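Numbered by the working numbering, the letters in the sequence shown go through residues 1 to 142 in order.
These are calculated hints, taken from the structure and not from any lab test. Quantities reported herein were computed from a predicted structural model and do not represent experimental measurements. There are no misleading hints in this set.
Cβ pair distances, simulated, as ranges:
{"no.": "1", "residue 1": "Ser53", "residue 2": "Thr120", "range": "15 to 21 Å"}
{"no.": "2", "residue 1": "Gln33", "residue 2": "Leu118", "range": "17 to 23 Å"}
{"no.": "3", "residue 1": "Tyr134", "residue 2": "Leu61", "range": "33 to 39 Å"}
{"no.": "4", "residue 1": "Val7", "residue 2": "Trp37", "range": "29 to 35 Å"}
{"no.": "5", "residue 1": "Phe3", "residue 2": "Ser52", "range": "38 to 44 Å"}
{"no.": "6", "residue 1": "Val7", "residue 2": "Trp41", "range": "28 to 34 Å"}
{"no.": "7", "residue 1": "Gly85", "residue 2": "Ser39", "range": "44 to 50 Å"}
{"no.": "8", "residue 1": "Leu56", "residue 2": "Leu118", "range": "22 to 28 Å"}
{"no.": "9", "residue 1": "Pro35", "residue 2": "Ile11", "range": "18 to 24 Å"}
{"no.": "10", "residue 1": "Gln33", "residue 2": "Met1", "range": "35 to 41 Å"}
{"no.": "11", "residue 1": "Ser39", "residue 2": "Ile64", "range": "27 to 33 Å"}
{"no.": "12", "residue 1": "Leu131", "residue 2": "Trp37", "range": "32 to 38 Å"}
For glycine and all other residues, C-beta sits at the position ideal for the given N, C-alpha and C.
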Amino acid sequence: MKFLVAVILIIRRLITAAQSSGSFGSSGSGGVQNPSWLSWWPTALSRSWLLSSLSLEKAPLTRIGGLLWLAGGIALATAGLGTLGFIVPTDWWRALAIASAAISLYMLVVYLHPLTILGTGLSIAILVALLWAYWPPTSLIP
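Go ahead and model the full structure; you've got the sequences and the hints to work with.
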């Protein structure tokens, strides 16, 4: 069970890291271009619809968004390692997972894109599992 939880958290971290790439790209372009079937969406993947609509795409705020993506991703990776007791103390994994899922969920709203549905669902699932269902029990991940 520990391994499964660690894998889920680390995979979610990879999704978060991919999202941060657009915030650190060149100020003119950036982001992963939408596929042709998604050309109706106003912004590319990893570009903020909110910052674009407020004409703040080139502001320093974009870099802060990228740092938040990275912070959420690093916290997810360390939570995954913490479930295994590797590098990070096991006692920290729940707090790290909750904090990173909350940061990621906030960022997924600011950077809303149809292709982020999986990441949004995983962040919500992490928060529900840890805060509401108290799963997995501490006996499974000592």
